[in-house]
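Asker: Construct the complete structure from the given sequences, taking the supplied hints into account.
There are 2 protein chains.
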Amino acid sequence: MTAITATNPATGSALEPVASEMSAAEVTAVVEAAAASADWLADLPRTERAALLGAMADALEGARDEIVATADEETGLGSTRLNGELTRTVFQLRFFGEVITEGSYLEVTLDSAGDTPMGPRPDLRRMLVPTGVVAVFGASNFPLAFSVPGGDTASALAAGCPVVVKAHPSHPATSVLCHRLMSEAATAQGAPAGVFGLVHGQEAGVVLVKAPQVTAVGFTGSTGGGKALMAAIAERENPIPFFGELSSLNPVVVTPGAAAARAADIGAGLATSVSGSSGQLCTKPNLVLVPTGADGDAVVAALAENLQQATTVPLLNERIRSSYTELTDGLASVPGVRPVVRMEAEGEGFRVGPAVFEIDADTLGAETSKEIFGPATMVVRWSGPEQLDQALETLEDSLTATVQTSGQEGEELQGLTRLLQGHAGRILFDAYPTGVAVSWAQHHGGPWPATNTQHTSVGASAIRRWLRPVVFQNAPQSVLPAELRDDATDVPRRVDGRLVLPGA
Amino acid sequence: MTAITATNPATGSALEPVASEMSAAEVTAVVEAAAASADWLADLPRTERAALLGAMADALEGARDEIVATADEETGLGSTRLNGELTRTVFQLRFFGEVITEGSYLEVTLDSAGDTPMGPRPDLRRMLVPTGVVAVFGASNFPLAFSVPGGDTASALAAGCPVVVKAHPSHPATSVLCHRLMSEAATAQGAPAGVFGLVHGQEAGVVLVKAPQVTAVGFTGSTGGGKALMAAIAERENPIPFFGELSSLNPVVVTPGAAAARAADIGAGLATSVSGSSGQLCTKPNLVLVPTGADGDAVVAALAENLQQATTVPLLNERIRSSYTELTDGLASVPGVRPVVRMEAEGEGFRVGPAVFEIDADTLGAETSKEIFGPATMVVRWSGPEQLDQALETLEDSLTATVQTSGQEGEELQGLTRLLQGHAGRILFDAYPTGVAVSWAQHHGGPWPATNTQHTSVGASAIRRWLRPVVFQNAPQSVLPAELRDDATDVPRRVDGRLVLPGA
Numbered sequence: 001m002t003a004i005t006a007t008n009p010a011t012g013s014a015l016e017p018v019a020s021e022m023s024a025a026e027v028t029a030v031v032e033a034a035a036a037s038a039d040w041l042a043d044l045p046r047t048e049r050a051a052l053l054g055a056m057a058d059a060l061e062g063a064r065d066e067i068v069a070t071a072d073e074e075t076g077l078g079s080t081r082l083n084g085e086l087t088r089t090v091f092q093l094r095f096f097g098e099v100i101t102e103g104s105y106l107e108v109t110l111d112s113a114g115d116t117p118m119g120p121r122p123d124l125r126r127m128l129v130p131t132g133v134v135a136v137f138g139a140s141n142f143p144l145a146f147s148v149p150g151g152d153t154a155s156a157l158a159a160g161c162p163v164v165v166k167a168h169p170s171h172p173a174t175s176v177l178c179h180r181l182m183s184e185a186a187t188a189q190g191a192p193a194g195v196f197g198l199v200h201g202q203e204a205g206v207v208l209v210k211a212p213q214v215t216a217v218g219f220t221g222s223t224g225g226g227k228a229l230m231a232a233i234a235e236r237e238n239p240i241p242f243f244g245e246l247s248s249l250n251p252v253v254v255t256p257g258a259a260a261a262r263a264a265d266i267g268a269g270l271a272t273s274v275s276g277s278s279g280q281l282c283t284k285p286n287l288v289l290v291p292t293g294a295d296g297d298a299v300v301a302a303l304a305e306n307l308q309q310a311t312t313v314p315l316l317n318e319r320i321r322s323s324y325t326e327l328t329d330g331l332a333s334v335p336g337v338r339p340v341v342r343m344e345a346e347g348e349g350f351r352v353g354p355a356v357f358e359i360d361a362d363t364l365g366a367e368t369s370k371e372i373f374g375p376a377t378m379v380v381r382w383s384g385p386e387q388l389d390q391a392l393e394t395l396e397d398s399l400t401a402t403v404q405t406s407g408q409e410g411e412e413l414q415g416l417t418r419l420l421q422g423h424a425g426r427i428l429f430d431a432y433p434t435g436v437a438v439s440w441a442q443h444h445g446g447p448w449p450a451t452n453t454q455h456t457s458v459g460a461s462a463i464r465r466w467l468r469p470v471v472f473q474n475a476p477q478s479v480l481p482a483e484l485r486d487d488a489t490d491v492p493r494r495v496d497g498r499l500v501l502p503g504a
Numbered sequence: 001m002t003a004i005t006a007t008n009p010a011t012g013s014a015l016e017p018v019a020s021e022m023s024a025a026e027v028t029a030v031v032e033a034a035a036a037s038a039d040w041l042a043d044l045p046r047t048e049r050a051a052l053l054g055a056m057a058d059a060l061e062g063a064r065d066e067i068v069a070t071a072d073e074e075t076g077l078g079s080t081r082l083n084g085e086l087t088r089t090v091f092q093l094r095f096f097g098e099v100i101t102e103g104s105y106l107e108v109t110l111d112s113a114g115d116t117p118m119g120p121r122p123d124l125r126r127m128l129v130p131t132g133v134v135a136v137f138g139a140s141n142f143p144l145a146f147s148v149p150g151g152d153t154a155s156a157l158a159a160g161c162p163v164v165v166k167a168h169p170s171h172p173a174t175s176v177l178c179h180r181l182m183s184e185a186a187t188a189q190g191a192p193a194g195v196f197g198l199v200h201g202q203e204a205g206v207v208l209v210k211a212p213q214v215t216a217v218g219f220t221g222s223t224g225g226g227k228a229l230m231a232a233i234a235e236r237e238n239p240i241p242f243f244g245e246l247s248s249l250n251p252v253v254v255t256p257g258a259a260a261a262r263a264a265d266i267g268a269g270l271a272t273s274v275s276g277s278s279g280q281l282c283t284k285p286n287l288v289l290v291p292t293g294a295d296g297d298a299v300v301a302a303l304a305e306n307l308q309q310a311t312t313v314p315l316l317n318e319r320i321r322s323s324y325t326e327l328t329d330g331l332a333s334v335p336g337v338r339p340v341v342r343m344e345a346e347g348e349g350f351r352v353g354p355a356v357f358e359i360d361a362d363t364l365g366a367e368t369s370k371e372i373f374g375p376a377t378m379v380v381r382w383s384g385p386e387q388l389d390q391a392l393e394t395l396e397d398s399l400t401a402t403v404q405t406s407g408q409e410g411e412e413l414q415g416l417t418r419l420l421q422g423h424a425g426r427i428l429f430d431a432y433p434t435g436v437a438v439s440w441a442q443h444h445g446g447p448w449p450a451t452n453t454q455h456t457s458v459g460a461s462a463i464r465r466w467l468r469p470v471v472f473q474n475a476p477q478s479v480l481p482a483e484l485r486d487d488a489t490d491v492p493r494r495v496d497g498r499l500v501l502p503g504a
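The listed protein sequences correspond, in order, to chains A and B. Take the first sequence: its position 443, counted from the start at 1, is 443 in full-length UniProt numbering, and no numbers get skipped. Take the second sequence: its position 239, counted from the start at 1, is 239 in full-length UniProt numbering, and no numbers get skipped.
Quick caveat, the hints were computed from the structure, so don't treat them as lab data. Take the hints with a grain of salt, since some may be wrong.
[What the hints assert, rightly or not] Derived pair list, reagent style DSBU-like, types lysine-lysine, alpha-carbon separation capped at 30 Å: (1) B/227 / B/210; (2) B/370 / B/227; (3) A/227 / A/370; (4) B/227 / A/210; (5) A/210 / B/210; (6) B/370 / A/210; (7) A/227 / A/210; (8) B/210 / A/370; (9) B/370 / A/370; (10) B/210 / A/227.
Answerer: Below, the structure is given as structure tokens:
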């Protein structure tokens, strides 16, 4: 039993271990308990499942101070950010309760028996059902919103799937605490013990994704970690869906008009977006594409000035810190790269200084367009729309792409939007990509490496990842799920091709 | 250039080659032309894309006799079946035109800017957009409905994705003919030449799924072939979604009450389902679970009697024929397996005789519960619900699972339905799984190996595989897709969480 020792990023000193790496047998037991609770959770009426999520939210809210203090000690993210993250996490649990109560997510579709141009058609009744046990991997940079009590957990439980979380080793105490609070709340709602499980250790994660009872995996983390899990999944007898968000460049394009009109504002906004949570956000702008010339120079100057004054927090762990140092040192030595800001770390622990580099668009390459986890960004100076498009086309796809406009771009903006839309899941205008609202329309995903391409990890439709369709043909009413019976009119339904609202 | 030589299954003689294996450069050129047409197709208004599909359907319908004759020569499936398949194929193209005209598939979702419990929220507008070029692999057993003009092609073009089909080598002439007819129809509608491509050869298929412009793959075929393509996809710099249907056992459970009430009918229905298209359907019952005792004996006897009198067609190709012979010979020599029917082939070409085996449920294992492509099935004799459940739990997951009932089962049927629902995508009652209606509610998919778990290859929602969400944040009206603008009310929309029907 190897203890999992986290470190306080603000001081660099080791914290008291609260968990140990789990053996394969221990992980298997957790997964089996989860599988044993699957029918209970799937059968729980939607309103009661919403109440379960609400009880979990209440339990977290009731321990706010303890959670924030514990998470701050393990992440150094600070109480303002962590209080905001807890608010979001609690909101998210309740929001998915609303989503399942509304019921559209079931995609209830009824085709009556009858004649068609293809011949006679039987009675068909389709809806989405939970896939079964879901494995969730906690992320280092969101100890709450993308970890034990996070969006993957909330959406999977809402879907009716038991969840087993693999805790991130950087915040084991926060994981254990949130897991205990939510498990107690679930038990008070009558849930079997296995419905929400927690495992620790890197090997435990591999055992988890290979467990026969696990039906889908949610992952937020590095491309390397994600690929290793995908390889483990490919070795299963029955490979399962992997929903991963692996990295993202999040380019921000500044138009010439925007640079002319709002250089100071844009520089300040960018600095906030690059430095918030010390740049440890999956939507942080890694590339800012600024036109050449005096107006563009003013944007870069404002970015540099604001970033030098920005307040940052220590990085989350030693690995992220050393990777940051290595990548920024590496960039500084690439021919054609001009360091604009390179500040030294001040204070103890895993602190680093922010960095801004600059490069000409025609020398941009794979080496100079990488995600750097931390308060650094690369300014790409471009001249003319062709050079801009060419630079954008060389980039890996992203979660987000942003345009800073003047409002006067006209048709050029349509072409640029179209180009960006092919390479990102969220397209922003005159805004900054960090900060992701949890809502019905939100989308947080995109083409590889911002996978899974077709789905999202934030927003109402995140629940779709943990559901699969089932159609009942010629079924007696007694065996149908409640929502497919003739007397069920409390959810939106498609009846013989026509969408019908509840009560209609 | 190796010519692709198909064989007439009814005679075993080689047909005149109409295509050759394509080089990597040739495949790349086809994919590049497809990619070059992506914007045109995505920008085509939905009603015009429906018209494009309709024109393709008309072109196929107009060449009905030639298509059926060509396909019959290459597949031996017979003109009745092939005429039915063409009707289905033509219907399917038009049906997806209806699906996109209706517009729900876009999942238009609008969140207004405003305050929320999480803080201020920006204006967010989400919809689904085409993923880009789609690769489709033709299946041997459906030269039309799951090949060049099939459901994957129809749903992908409807979604707005250019398609490149990898022709199945068993029916190259049918593939070339359908491709020519549909391409000419597309050209007449103003489509660029690349919007619908065709490639030939096994290596061409690998080059196709590795092409950087390809964004998703639809595949119907063997587990081995599917896994090889998945391995090729994993080697891509940017892995892409793979939607495969690899094999399926399609268990049919006969309850004691059903056996007592309808033995002769059930035996006859099963024989038709097992022997239709000579058992070369992905939903053919490979396992029939019949209770022990005299009533069950009567079901088996009726199945045997009807199957011995059934009319069959030759198998599709030499590989399927030799695999059928090998698997049925193998089963006959497994201890505990009792041959019930084993008929010799009559006539020339790839003809085989039907086969029925029988085994006791407590000796059922992996070796005796395999898919056999051809007119064979395994009867599993069970005694008591526990033994039935145990047998069902050992099986691989399936596209379908069927129960033959007496209508008097009561609560037992609910438990059985629940069990089957966990292992299949379509659950049938007092019906037979072969024959898949194309409709709004249809689902043709299931957990591995009936992948992709979360999606379907038949029915309206098959289109979902070729779409990905994009959300626009704070976007000016001018850059938004038509369906996301303020004045667009012709599709169902979710506005601030509330579903709104068109015109409301």
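Asker: Confirm or reject each hint.
Answerer: Consistency of the hints with the structure:
1. B/227 / B/210: It holds: about 14 Å lies between the C-alpha atoms, which stays within 30 Å.
2. B/370 / B/227: Given that 30 Å is the threshold and the Cα spacing comes to 17 Å, the pair holds.
3. A/227 / A/370: Distance of about 17 Å is within 30 Å: holds.
4. B/227 / A/210: 17 Å, holds
5. A/210 / B/210: This hinted pair holds, its Cα atoms lying about 26 Å apart.
6. B/370 / A/210: Within the cut-off at roughly 23 Å; holds.
7. A/227 / A/210: 14 Å, holds
8. B/210 / A/370: Roughly 23 Å separates the two Cα atoms, so the pair holds.
9. B/370 / A/370: Violated: residue 370 of chain B and residue 370 of chain A sit about 47 Å apart, past 30 Å.
10. B/210 / A/227: The given pair, whose Cα atoms are some 17 Å apart, holds under the 30 Å limit.
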